[in-house]
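Q: Same order as they appear, the protein sequences are chains A and B. When the letters of the first sequence are read in order and numbered with this note's numbering, they come out as residues 1 to 323. When the letters of the second sequence are read in order and numbered with this note's numbering, they come out as residues 1 to 400.
Derived from the structure by calculation, the hints contain no laboratory data. Glycine included, every Cβ here is placed at the ideal spot set by N, Cα and C. Mixed in with the good hints, there may be bad ones.
Derived DSSO-like pairs: lysine-lysine, alpha-carbon spacing no greater than 27 Å straight-line [unchecked claim]:
| hint | chain 1 | residue 1 | chain 2 | residue 2 |
| --- | --- | --- | --- | --- |
| 1 | A | K201 | B | K169 |
| 2 | A | K141 | A | K249 |
| 3 | B | K169 | B | K142 |
| 4 | A | K67 | A | K43 |
| 5 | A | K201 | A | K140 |
| 6 | B | K209 | B | K80 |
| 7 | A | K18 | B | K209 |
| 8 | A | K208 | B | K110 |
| 9 | B | K169 | B | K47 |
What follows is a set of in silico ranges between Cβ atoms, one per label pair, in the way DEER data are often shown [what the hints assert, rightly or not]:
| hint | chain 1 | residue 1 | chain 2 | residue 2 | range |
| --- | --- | --- | --- | --- | --- |
| 10 | B | A107 | A | S227 | 35 to 41 Å |
| 11 | B | K209 | A | D229 | 58 to 64 Å |
| 12 | B | R289 | A | K147 | 21 to 27 Å |
| 13 | B | I280 | A | E222 | 21 to 27 Å |
| 14 | A | N24 | B | R289 | 32 to 38 Å |
Sample of chain B residues at the chain A side, in silico, Cβ under 7 Å [unchecked claim]:
| hint | residue |
| --- | --- |
| 15 | A386 |
| 16 | Y387 |
| 17 | P389 |
Here are the chains, one letter per residue:
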Amino acid sequence: MGMDSLIGGTIWDEYSQKVTDLMNNPQNMGEITQEQADEMGAKLIVADFGAESCGDAVRLYWAVHPKSDVIMLSKFKSFGCGTAIASSDTMAELCKGKTVDEAVKITNIDVEMAMRDNPETPAVPPQKMHCSVMAYDVIKKAAAQYKGVDMESFEKEIIVCECARVTLSTLKEVIRLNDLTSIEQITDYTKAGAFCKSCIKPGGHEAKDIYLVDLLEEYEQEKMAKSADAVASGANLPFLEMTVVQKLKAVDKVIDDNIRQMLIMDGGDMEILDIKENGENIDIYIRYLGACNGCASSSTGTLFAIENILREKLHPEIRVLPI
Amino acid sequence: MRVYLDNNATTIVDPHVFEQMEPFFVQKYGNPNSLHQFASDTHAPLKSAMEKIYAGIHAHKDDNVVITSCATESNNWVFKSIYFEYIITGRKNHIIISEVEHPSVIASAKFLESQGCRVTYLPINNEGLIEAQTVRDYITDKTALVSIMWANNETGAIFPIEEIGEICKEKGVLFHTDAVQAIGKLPVDVQSANIDYLTLSAHKFHGPKGVGALYMKKGKELTPLFHGGSQMGGHRSGTLNVAGIVGMGKAMEQAVDALDYEMADIREMRDDFEDKLLEIEDTFVVTPRDKRTPNTILISFRGIEGESMLWDLNRSNIAASTGSACASEDLEANSVMEAIGAAEDLAHTAIRFSLSRYTTQEELEFTLAVVKEAVTRLRGISSSYAYAPEGHESGLDAHH
């Protein structure tokens, strides 16, 4: 923000030299035919990801050694912008010589890091980070095909922000621990939403199952529910401003927390009958139950204990009147 | 060779325009409102410039053509004044725009929408055109404003402004048109088209950046946005941009003079260039030529994402444009292409070439050769044209 944000530059200025070079002259661009794979004694894998209608698509070709699972040759074809082509190229390069299991561990962040000119400077501007995600997804697709399993089986966690690879569980935890209330805060804490912005809210480049706004909403609801409970019990209100029901609940809670256990141990109990404001005083009418009924202490020690705790916790002018 | 085919974005300042502006920086720099010779030196040139601007759009001398800083200001002024005069007062609660207006119109309409005004977004048809009669269908007695651009910046599609003006007049609804893409490319006459408000911007017709205008018909004056020293008759305060106004006047004069050349010669060059582009396999143009500004081509190259085509053109020093996917900040497909309902896989493949009177035949031939090379290279990379073994089920058709 500030000066740098006032006059936009072209996104191309933010591409690393490596991205530029790979766009101009991709190294692993091409295809592997069935014949070529047969000659190598390899299994041909052709995996597609994306769609032209979404603005980017990639086809990945692998020739995999059937015994060792090593990717002997890796090629790509891509419909997309310069970053999509450079990312696909880098991804295909990173696959070469790895086993399929090793290749599945390559993430979009590895792809982006490999395209940096120096370790500190991102290879692409934030909104282009999305392009490298496609490269990562197509590897999983190819591996799933090779192993005859579902693509989802490689992902143990639900990823909400694919660009920065932030999981659902991380986001939920960070939002709660830090009491986050805005997208900007989530981005500051986790980097989620800093790149292609698709994960922030519906209507972005790509449709998602879970958006950051949903998580904020969910947390907000949770907080509301908690404070609604608090309001229902009147916990946050001064005693005199409570409704009669809230007052009864509040008194009951104080008795529960401090007195009732004692009475029950002695084989008794008590109930609250009514609360009335009587001039300066707030009169709380109670009835003793069980062993308390008729106990000597019920009009002296026990009564004072009840009255004192209610005065302390709720209001100094409370009088307790047993009936 | 450096080739500039992005004239719908901005244009070169005509050297004659620049020449006329130059004295107002170092020699005749007086504030026109002051009382001394420095000020007086600016009066005749300003008057002459204003006369050229009025003449260029056939404004009556009792109308107000108020100089602004740009088309975005002019467009915002219309919408925000409508808000102050009609919406906030509860007199009206509805406006009509097209779904392919310039962002300064769409965003202003959305702002009014956020303040409780109802907005109708008129659809374009599958040729990128608007049918005037649909405007009639949407007007109610609560409609405060209809705002439809004269010509679209992306496709060059010309909208039926005169018919829409007639409908608005008949219904008693205010009519605004953003004519930024029309000046210098089409005859613009505010009288015959029944226009109440018209936006224009100098840098789209070989004038300088930072100066535009809003035409307001006599009796239809808007609440000012800029209050201050009562310049521009109190309609828009702020020290006059003397050099800018002088430049816009000269640019308007030249645009009027060059209109025949634009509509005949540039049109012919454009058509010829377009014919040759369309000879490349799997290329598509949507809006018919005679319903487009004479300088504009929006063409799709199947299998080539727009930004990658721009990349290859730029490597050969050719400037063109795309509103598609990766080139823009918001990563969205060309919105006009989407509105047209073009096949979805083509929405990301559109490239706009926009010519000007400075474009030469030689430049177009060079561009054609570069485009052909780029098509070969980029389709070679593209997954759309890639090999698949027998029985491979393509996963590239579906949405992800």
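Q: Give a verdict on every hint.
A: Hints versus structure:
This hinted pair does not check out: K201 (chain A) and K169 (chain B) have alpha carbons roughly 42 Å apart, beyond 27 Å. Restraint check: the Cα-Cα separation between K141 (chain A) and K249 (chain A) comes to about 59 Å, which exceeds 27 Å; the hinted pair is violated. Straight-line distance between C-alpha atoms of K169 (chain B) and K142 (chain B) comes to about 15 Å, which keeps the hinted pair within the 27 Å bound. Between K67 (chain A) and K43 (chain A) the CA atoms are separated by roughly 10 Å; this keeps the pair inside 27 Å, and the hint holds.
Taken as a hint, the K201 (chain A) and K140 (chain A) pair is honoured in the structure, with Cα atoms around 26 Å apart against an allowance of 27 Å. For the hint linking K209 (chain B) to K80 (chain B), the alpha-carbon distance of about 23 Å falls within 27 Å, and the restraint holds. At most 27 Å may separate the alpha-carbon atoms for a hinted pair to count; K18 (chain A) and K209 (chain B) exceed this at roughly 36 Å. Our distance criterion of 27 Å between C-alpha atoms is met by K208 (chain A) and K110 (chain B), whose separation comes to about 25 Å.
For the hint pairing K169 (chain B) with K47 (chain B), the CA-to-CA distance comes to about 31 Å; that exceeds 27 Å, so the pair is violated. A hinted range of 35 to 41 Å holds for the C-beta pair A107 (chain B) and S227 (chain A), which are about 37 Å apart. At roughly 60 Å, the beta carbons of K209 (chain B) and D229 (chain A) sit within the given window of 58 to 64 Å. Checked against the hint of 21 to 27 Å, the pair R289 (chain B) and K147 (chain A) fails, with Cβ atoms roughly 54 Å apart.
For the pair I280 (chain B) and E222 (chain A), the beta carbons lie near 58 Å from each other, so the given range of 21 to 27 Å is not met. Remark: the range hint 32 to 38 Å for N24 (chain A) to R289 (chain B) is upheld by a beta-carbon distance near 35 Å. For A386 (chain B), the suggested interface contact is upheld, since its CB lies about 4 Å from the closest CB of chain A, less than 7 Å. Hint status for Y387 (chain B): holds, given a least beta-carbon distance of 4 Å to chain A, under 7 Å.
For P389 (chain B), the interface hint holds, the least distance from its beta-carbon to any beta-carbon of chain A being 5 Å, beneath 7 Å.
Violation of the numbered hints given earlier is confined to hints 1, 2, 7, 9, 12, 13; the remaining hints are satisfied by the structure.
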